Amino acid sequence: MGKLVAYRLLFAVPQLLVISILVFSLTYLVPGSPAAAMLGTSATPEAIAHVEAQLGLDRPPLERFVEWFGALLTGDLGTSFRAGMPVTDLLAQRLPATLSVVAGGIVVALVLGVGAGVFTGTRPGTLADRLVTGGTVLGLAIPEFWLGLLLTTVFAVQLGWVPIVAWTPLTADPLAWMRGLVLPSLALGVTGGAIIARQTRAAMVTSMSAPYADTLTAAGVPRRTQIARYGVKNALVPVLASTGVTFAILIGVSFVVEKVFALPGLGSLMLTSVIGQDFPVVQGVVLVTATLVIVVNLVIDICYGLINPQARPQ
Amino acid sequence: MSNAVILDPADRSPAGTQARGVVQAWHRLRRQPSTLFAVVVVAVLVVVAVAAPLLAPYAPEATDFDAPLSGPTADHPLGTADLGQDLLSQLIYGARTALVVAGGSVLVAMLIGVPIGLVLGYKGGWYDRIGSRGLDIADALPGLMVGFVVIAILGRGMAVLVLAIGLVFCMNFARMTRAITLTERKKLYVESAHVSGLRERQIVFGQVLPNLAGPLAVQAAVFLGSAIKVEAALSFLGLGLGDDQPSWGGMLGLAAEHQADRPLMAVAPGVAILLTVLAFNLLGDGINDALSGRRTTGRRRSAVLGRLRPPTPPTLAEVRTARSAGPAPEAEPQPAPAGSGATPDDDVEVPADTVLDVRDATIVADRPDGSTVTLVHGVSLRVRRGEILGLLGESGSGKSMLAKAVLGLLPPGVRLAEGSVRLNGTELAGCSERELRAVRGTGLGVVLQNPQANLSPVHTVGRQLVDVLRAHHPLSKRDARARAAELLDLVGVNDVQRRLDQYPYQFSGGMAQRVAIAIALAGEPDLLILDEATSALDVTTQSQVLDLVLDLRDRLGMAIVNITHDLGVAAETCDRVAVLYRGELVEVADVVDLFDRPQQAYTAALLAAHPTADHDVEVIA
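Quick mapping for you: the protein sequence lines, in order, are chains A and B.
Under numbering that gives the first Met the number 0, think of the first position of the first sequence as 0, with each following residue one higher.
Under numbering that gives the first Met the number 0, think of the first position of the second sequence as 0, with each following residue one higher.
In case anyone wonders, no lab produced these hints; they're calculated from the structure.
One or more of the hints may lead you astray.
[To be verified] Label pairs and their computed distance ranges (CB to CB):
| hint | chain 1 | residue 1 | chain 2 | residue 2 | range |
| --- | --- | --- | --- | --- | --- |
| 1 | B | 114 | A | 224 | 48 to 54 Å |
| 2 | A | 310 | B | 496 | 22 to 28 Å |
| 3 | B | 241 | A | 102 | 50 to 56 Å |
| 4 | B | 129 | A | 60 | 17 to 23 Å |
| 5 | A | 133 | B | 71 | 29 to 35 Å |
| 6 | A | 298 | B | 39 | 39 to 45 Å |
| 7 | B | 505 | A | 263 | 50 to 56 Å |
| 8 | A | 20 | B | 62 | 48 to 54 Å |
| 9 | A | 46 | B | 157 | 28 to 34 Å |
| 10 | A | 306 | B | 485 | 26 to 32 Å |
| 11 | B | 504 | A | 302 | 15 to 21 Å |
[Claimed, not checked] Non-contacting residues of chain A with respect to chain B, defined by C-beta distances greater than 12 Å in every case (computed):
| hint | residue |
| --- | --- |
| 12 | 55 |
| 13 | 77 |
| 14 | 173 |
[As the list claims (entries may be wrong)] Chain A residues, not near chain B, derived (Cβ > 10 Å throughout):
| hint | residue |
| --- | --- |
| 15 | 23 |
| 16 | 41 |
| 17 | 48 |
| 18 | 59 |
| 19 | 168 |
These figures come from a predicted structure and were not determined experimentally.
Note that the Cβ used here is the ideal one computed from N, Cα and C, for glycine as well.
Using the sequences and the accompanying hints, generate a full structural model.
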């Protein structure tokens, strides 16, 4: 197992390196000068020159990259032009809310997806299967932020079951933290759940009609054991392999869902930074989310290795 | 936000049949209600978008200061926005925005993605290795993030939005194009070893592009839906077109601000997005199904029908004349003669040591149109304790279906229509799953053909044996493991303690098949069914496994049904042999009699077609 983790970590390093090069080169893609873009049309040439010097645009790119990357390794992502704060501090403030809602969304997606997939995959062609599978088609199409809007309108604004401002930090009050996360996680997890449900259903149908299923059935293994132990574990192999992509999508969508629930996450930070062209913060957010996706994929791949013996390095 | 579409490479129709395929595809498309719904929704949407100025009661940005933020009124059926802008008109113009942005961005995604995919797939080698790794790395960037970055760099506007969303999806097109190009290229190399450079390129693209059209259409439809979702999300955040441009996402942004006082404001634009995305997704599914020839309507189709040939011509008589086999005493094929001791009639007394007693078993497959295909026709068989009955026949003769009927494992859509199956005198036909479970493992066990596929690939061999053992006996984990070790030892697996913790892929075919036999024996069955159990093994391994079977029969005294198409296997192991042809029992006889003096023309033809059959009989006799 240690070998698998080491191997996967080894792959993650070049991936992070390439991503950071891409992120670094963002400022070079801005038409004209990014400094002028940030300061607006009324900026004086002196101010522009000052900001350009601050961004290091007056020096050769390679020299700047080495410096930028070195700072990155020490956790220094530069300073926000709008907030005047270190980008790292801004990210640290916003990360808890994003991590919470993404974790909640992943849990909802997995529970709904695997649950619905196993339910439908063990009774293909029945009315129950068609109803639930029809539901997943809807789940794929529903815009997550609209679902969130409906959920808050009904449960927070109209019924008052949950507070309208949902966010409480985990450290302040764990129970309130969880209560506040219920609706955002639901809104975020439904589409991912629908994708996983469809894949799980197909994989479950395959694994329940595979020759080994016949072998075990004929040998007298009860259907319940058959589903719970053999069907699900075999079905998870193809499902897990494609789950990483689903979670990358989910992290992106959390930026939109966040707005509906007024969560103080990376999304609102990104939004103000995109509008204000605050490039150091944009770079920071992209780096953090990419790292998050890479870490989640790492965990998924390790789980994949735990489930599928042939994926472990020999 | 994007829906991953996993396309089965086998779903693609070959280039040659493309023209005919399109016509067929259209006919199939029409038979799918969900696709029809999708086409109607998309058509309505296009009409609304094009005719927006005619349909909308007001200009979308026209203000009405007498009725700001009104609820639904006669003048404004959906109410108004902050400055009294008519929401119905905004909804109608929003369709235009959605379609233009989504259509444009999918076009951009294709224009960027398809050439990348073509280059990677065609060039191969280092191009492909580096390019594919690049695509993998791009996976770490959530799609929406790409959109954010593009807008951060270039500012807001129609062109930027289209580019931003296009970049979100272009990698998917690149990946798909690469996969298809690669497949076609490989195919070409298999077909013709060397082709000149220019011709190769022509052939590759002549071959690739038609094959690409279908999957591209599917992807494009699905991504149109996804692009509309992304556009709505970006507009909702205020990053879409200008604030004065009507869009569904922008309307939802306004609705979010008025959740408390105008809760219904979110309904219409949300439903519009939902319906549109749903329609494009269903359209994609519909095109995919139509291209692959899969049908979504109609009743559950029997899984085996595709592989079945109707059990009509050629008849036995035709086979006889065609092959003009040697000893063919009878002109007309008849069901195996009753009273010969092999096929019991109802009035014949059943010997006490009969384990399996099949009478007049008829197995049919249901067709979607309600008719049936008969797979096995009125077959009667009887197997006694300690006896090995061979069930001999070519593929499609119904021998495996007969075994599956005995086991109660017939695939969906296939059923035992008539006849009885008795195990130790207990009727199995018509038994519930629960009743069947009582005899599975203890009454009968089965070993199927493919050694590796017979075992769950993600569980250790020990785990599988233990689960089977504990299904029959209330054993502790430790005891079950000890018993599992005994079983492995019994079937001739060495080093059992280590082997118990290994996975099936670590076993050779012969060893895996021994494990499958151990699983079948775990419940100590009275009847063991071997369904082509040795067919996938090489000859040496095959005879070792058959020796094991003979040895187990002698030691445990079970009855065995050995289903095979291999005359050698039948001759080597069986006491009696039943010959099946096109679902009918042709002949049942003692093995020596059958091989020496076949009573039926088909049997004789079968024997004549097998060069070593005579030799095997001599060995036995």
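Q: Could you check that no beta carbon of chain B comes within 10 Å of the beta carbon of residue 48 of chain A?
A: At about 21 Å from chain B, residue 48 of chain A clears the 10 Å cut-off, so the statement holds.
Q) Can we trust that residue 55 of chain A is non-interface, i.e. its beta-carbon lies farther than 12 Å from all of chain B? A) holds, 18 Å
Q. Does residue 59 of chain A sit more than 10 Å from chain B, CB to CB?
A. holds, 21 Å
(Q) Minimum C-beta separation from residue 23 of chain A to chain B exceeding 10 Å: can you confirm that? (A) holds, 13 Å
Q: Find the nearest Cβ of chain B to the Cβ of residue 168 of chain A and say whether that gap is larger than 10 Å.
A: holds, 24 Å
Q: State, for the Cβ atoms of residue 46 of chain A and residue 157 of chain B, whether the hinted interval 28 to 34 Å holds or is violated.
A: holds, 31 Å
Q: Indicate whether the distance between the beta carbons of residue 133 of chain A and residue 71 of chain B respects the range 29 to 35 Å.
A: holds, 30 Å
Q: Starting from the range 17 to 23 Å, see whether the pair residue 129 of chain B and residue 60 of chain A falls in it by beta-carbon distance.
A: holds, 22 Å
Q: Would you assess whether residue 77 of chain A, listed as outside the interface, keeps its beta-carbon beyond 12 Å of every beta-carbon in chain B?
A: Check passes; 15 Å lies beyond 12 Å.
Q) Holds or violated: is the Cβ of residue 173 of chain A farther than 12 Å from all Cβ atoms of chain B? A) Label holds. Min Cβ-Cβ 27 Å, cutoff 12 Å.
Q: Return holds or violated for the Cβ distance of residue 114 of chain B and residue 224 of chain A against the range 48 to 54 Å.
A: Holds, since residue 114 of chain B and residue 224 of chain A (Cβ atoms, about 52 Å apart) stay within the stated range.
Q. Can we confirm that no CB of chain B comes within 10 Å of the CB of residue 41 of chain A?
A. holds, 16 Å
Of the hints listed earlier, the one the structure fails to meet is number 3.
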